Amino acid sequence: MEKNGKKVKLQIWDTAGQERFRTITTSYYKGAQGVIMVYDITQRKSFENLSTWLNDVKQYADPNVSLILVGNKVDLEDQRQVTENEANEWAQRNNISVCLQTSAMNSLNVDVAFDRMVDGIFEHSFENSLSAPKKETVKINNNDQVVKKPSKRCLIL
1 MEKNGKKVKL QIWDTAGQER FRTITTSYYK GAQGVIMVYD ITQRKSFENL STWLNDVKQY
61 ADPNVSLILV GNKVDLEDQR QVTENEANEW AQRNNISVCL QTSAMNSLNV DVAFDRMVDG
121 IFEHSFENSL SAPKKETVKI NNNDQVVKKP SKRCLIL
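First residue of the sequence shown? That's 1 in our numbering, and the numbers climb one at a time after it.
Please keep in mind that the hints were generated in silico from the structure rather than gathered at the bench. Please read all numbers here as calculations on a predicted model, not as lab measurements. Every residue, glycine too, gets a C-beta built ideally from N, C-alpha and C. A few of these clues could be false.
[Claimed, not checked] No farther apart than 20 Å at their CA atoms in a straight line, the calculated lysine to aspartate or glutamate pairs in the EDC-like style are these:
(1) 3 to 111
(2) 9 to 86
(3) 6 to 84
[What the hints assert, rightly or not] Pair by pair, the computed Cβ-Cβ distance ranges are:
(4) 49 to 95: 29 to 39 Å
(5) 111 to 77: 18 to 28 Å
(6) 27 to 49: 18 to 28 Å
(7) 97 to 44: 18 to 28 Å
(8) 48 to 76: 36 to 46 Å
(9) 80 to 7: 30 to 40 Å
(10) 44 to 92: 11 to 21 Å
(11) 75 to 27: 26 to 36 Å
(12) 94 to 12: 18 to 28 Å
(13) 45 to 2: 11 to 21 Å
(14) 59 to 97: 15 to 25 Å
(15) 78 to 9: 33 to 43 Å
Model the full structure from these sequences, guided by the hints.
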């Protein structure tokens with residue numbers, strides 16, 4: 001996608017929030033710059049599981065990772081089990097500044113979610129670039145250095 005006149009390439013993993021993928025997702029958190037936590041508004045259990053996934057993010061991801069909460073399937077409003085207000089309160093309690101309602105079925109706010117994620121990544125990257133070096137270096141000896149580039153990833157739970 002293009003953002004502020006620059007091409008941005010996103011690398012995305014979708015675990016569908018399934019417990020069977022939990023052991024491998026922890027490795028995806030390392031180096032992730034953004035995490036989109038998605039729950040199904042028609043399935044209260046998916047909303048209740050957010051706390052478990054958020055704990056994993058806090059444990060394994062960078063503390064400055066950009067986080068977004070997304071309630072999906074708003075096209076099924078008549079089956080809603082989680083109110084938008086409830087989701088907003090949960091996001092606020094957990095210091096998640098972006099909370100959206102989407103529909104993958106009719107593409108409502110899907111692009112907005114990715115735009116907001118990229119905005120958050122740019123924000124965090126800019127903040128971090130003021131206080132941290134741009135490259136991580138590992139000194140081998142007095143003359144040589146190996147430069148290790150940080151990984152750039154976006155994770156969808």
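Numbered hints the structure breaks, given as an ascending list: Numbers 2, 3, 4, 8, 13, in rising order.
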